[in-house]
Amino acid sequence: MTALTQPVPIWLSRTFDNLKSPQLWLGLVGIASFFAIWQLARSLGLMLVMPTPLEVIEAIPQQVSQDGYWLSWLASTQRVFLGFSAAAVLAVFLGITLGMSRKARDLGFPILEIFRPIPPLAWLPLAILFWPTAETTIVFLTFIGAFFPIFINVLSGIDNIDVRYIQAAQSLNASPRSLFWRVLVPGALPSLFTGLTIAIGITWEVVIAAEMASGNHGLGYLTWNSYMSNSLTGIIVGMLSIGLAGMVSSALIAWLGKKAMPWWRQG
Amino acid sequence: MTTNVQSIAEREELLRNVPMLSVLPANLLSEVAANAELRSLDTGEIVFHAGELATDFYILLSGRIQHPEVETAVADAVVRREVTNAGDIFGYAAFVDLNGYRIISATVAEPTRVMAVNGAAFRRVLSRWGKEGHDLLQVFALSYASHEHRIAQKAGWVSVRNAGKVYDPKGKAVVAVDDCSIEIRPGEFCAIVGPSGCGKSTLLNAIAGFDGLTSGEILLDGNLINRPRMHPKPGPDRIVVFQNGALFPWASVRENLIRGPIIRGAMSETEALARARELLERVGLSDIEDLFPGAMSSGMCRRVEIIRAILNEPRVILLDEPFRGLDALTKTVTQTALLELYDLTRKTVLFITHDLEEAIYLADRVFVMTTRPGRFKQTIAIDIPRPRDAKMLTSPEFIRLKEEAIEAVHEEAVKAFAAGEKEFA
Amino acid sequence: MNVIVPTASAPTREPARDAGSKGDAYDLKLRQSADWPRKEQGFTTSLWKGLTSQTFVFGAIGFAVFFILWYLLTAVVVPPRFHFIPNPIYLFTQWISTDPKFGVSIFTPQYYEHIWISTLRVYAAFLTSVAVGAPLGILLGWSPLARGLILPLVELLRPIPPLAWVPLAVLMIPATEGAVIFVTLLASFFATVLNTLLGVLSINESYFRAAACLGYTRWNVLWRVVVPGALPFIFTGLQIAMGVAWFSLVGGEMIAGRSGLGYLIFDAYTQLALPNIFIGMITLGILGYASSALIRALGDWLNRWHSNMGGA
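Protein chains in written order, with my numbering: chain F, 1239 to 1505; chain U, 6 to 430; chain W, 15 to 326.
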């Protein structure tokens, strides 16, 4: 009897498959050229204000080990989480209500549409005046930023559910409750997640800006601080951290989406 | 010439000595023999003239025949200037072309004995023989098509030889098309019928130049257009009419029709416009120049797309289930339009469909394809004269032809259904 | 009234055989009549119908409820914190007064100066980002090679919020004006590129194949297939880019600006000129909406064929 060969674990073999793909190498070439050009520009004496990529990389450990760094992460993440969740809950509730009832929609939609084009940051002074603490101010702004995209997407998700699914459920004698949970909710989920993805990007934007304008701690404040003390490496490290935070949150939402919608094939 | 009346058994014996025909099973061979005649010819006799209607093909038993029009030895030509070997066949026009006319003549160089076999009967026998019959017919078709292309200078000869396509998504090899061979003669209207997902679209994409092959070759007018490890290029010599329509929705009908020839420099704008209008009127679509595809019904869109193909003067027109989404009534109208345009321009046409009736109605020859992996199972020659109209759909001839094929097609459809094939494969 | 009614004397249709020539003329006329025939209505009738429709009435009620609540909460029963919010009547009178208390109303030149500056910045940044972003997006969508090389880089830079670039931009670009415009540009640039890319990718493969069959050169494919085909998506992207541009502009003006509506709002806050805050916000809302509506209208006009899709 021949010996059984140990199968290579799936994640390892998948990694090897990915390594073989030309896409990966092409992307790396692109990114590498970007850094090369940046380095070259500095060596040629252009953009003397900017640090070189090497300087930035060297500065990273130093920045990261400072006291405030991880606290900033915590502060910003907390605000994002609070504002985003509150917005999600309210937006889903309103989206479903207005999506399902014509009356509610006619009542509420015009007002919301008036408020929607106002950039969230324009609310800043008002929020500062109205809310007692800086923390609540920032969370409120985050809420405003995240609310509208989620709401609009949930609404359009309910609108766009193919009426034939509803008719099919009705001809199978579905109760309104069944109809809601088994047809409307799954049908609107993809749009909801599109809205969530858009909203999380906006949320980070708002948090950073709000922290820059009126903050005491957080990643935005950190970056602003570096600006005030003219430390460009600090600014870049700050920017990269924010970018990373944004990517991680988006990935989290995407993962949640896959879990919630195992049937959804994208693209 | 003298005709000797032999018994069927004797004729059968003679036929069995012909290498190509010896492979036929006994019952089919007797049937061929029943439609064959032994003839003795004297020197100087003319076996057939160019321009004659071709009914019989001939097998040389002894003697020598000459084809004066044929140039001397081209390397792989099957039709040569002289036919000298016993068992050689000449007069191919009879069994690949219904109502065909000879393009060359045959004269007797020395006292000769030949067996004359009725072409139509032979075709019918072969189509009852399934795959082997298809293969044998292809051998003959290849010879004749290459010959026709050289002598008669007709363009649009599509030669598919042992084409195969294997997809390899992550290690699981899927054989879409396996060892397919057909010869489409210049000006012929051929149809491929098969269940969904059998690989007919894959084959068409390979001919059109959108997809590569993993084995075999495809030639157009003797030029290689697709083979393994080669990136094929689509072009205006092989225009495709697509399944869901590919008229550019952002351009008017006029723009869709005339832009192609103008870009290639083949026609000036006025010429293109005039010709387009002529063809539009032919199918009853005058005055729609300024409409956009979104404002027209699907039937109208398909007709415009066919006209767009014709306007670009291709060598071959490839249609990939073009009438699939149309309702039955629109389909009839559009099929009639296609036939009218075909009669007008006589381009080579390859038509893919899952609808056997449609194939028989439109085509000169119908190829039946098996479900995945796709192979050719059967060839049916449609002996119905042109121009055709909808009345023939209920004629006995049509029904007979349909009966011939329907069992084969149905068998494949059941297999595809059981295998859970998805549509639009 | 022009409603088509079948009558006994209507001619019988020709059999299917001739339908190619005569039947389709009838088909054609029906389709060309834009829509199925409907009853013509007078202007006042349609106006009345619009005004009394549920949508309009309920919308008006919704508005009314909102304003009444606002008034009640800020002028009648004022809970803590709410005294910072001016009541709507006061706001409105300030907005239209010829001599506003804090210097900004529809009659003051400063108002229009701020509007002009902000609008100028937004449109400058927006148009530049479209001019650069749209061609890049088309390139990325069309050429898999370019996509493989450049897209990962774009995806790496994208998560960094445009406003996080403000400090860097202010240090690198000498003029503050330039810095604010740069940040706005960045924001709308990414949105434009991504949506253009998606637009090109959304074009059905069949159209490219058909163009190849017809012998279109690469140049022709670009202008006669890629651009028209991606245009609807591009315009959706432009609307988003416009919204994002306004968003970033306000942030930029607040943080680093010295004029414009964002600056107005922030300045009003520091000076406790409360009505100005609201005036600024509402004006921003109106301008933002108008800009998006403009783009949407332009897009709808250019893409008329798109709304008719469905039959082909």
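One or more hints might be untrue.
[Claimed, not checked] Here are the simulated DSS-like pairs of lysine-lysine, each with C-alpha atoms no more than 30 Å apart in a straight line:
id	chain 1	residue 1	chain 2	residue 2
1	U	K159	U	K177
2	U	K177	F	K1497
3	U	K336	U	K407
4	U	K136	F	K1496
5	U	K407	U	K136
6	U	K420	U	K336
7	W	K63	F	K1341
8	U	K177	U	K238
9	U	K177	U	K136
If you're looking for bench data, these hints aren't it; they were derived computationally from the structure.
The structure presented is a predicted model; accordingly, all values stated were derived computationally and were not measured.
Against the structure, the hints:
1. Restraint check: the Cα-Cα separation between K159(U) and K177(U) comes to about 43 Å, which exceeds 30 Å; the hinted pair is violated.
2. A hinted pair counts as satisfied when its Cα atoms are at most 30 Å apart, and K177(U) with K1497(F) qualifies at roughly 27 Å.
3. A C-alpha spacing of about 19 Å is found between K336(U) and K407(U), which places the hinted pair at or below 30 Å, so the restraint holds.
4. Between K136(U) and K1496(F), the direct Cα distance comes to roughly 49 Å. Violation of the 30 Å bound is thereby established for this hinted pair.
5. A hinted pair counts as satisfied when its Cα atoms are at most 30 Å apart, and K407(U) with K136(U) qualifies at roughly 18 Å.
6. A threshold of 30 Å between alpha carbons decides the hint, and for K420(U) with K336(U) the separation of about 27 Å falls inside it, so the pair holds.
7. At roughly 18 Å between alpha-carbon atoms, K63(W) and K1341(F) fall within 30 Å of each other, so this suggested pair holds.
8. With a CA separation close to 27 Å, the supplied pair K177(U) and K238(U) stays within the 30 Å bound.
9. The hinted pair formed by K177(U) and K136(U) meets the criterion: a straight-line CA distance of about 28 Å does not exceed 30 Å.
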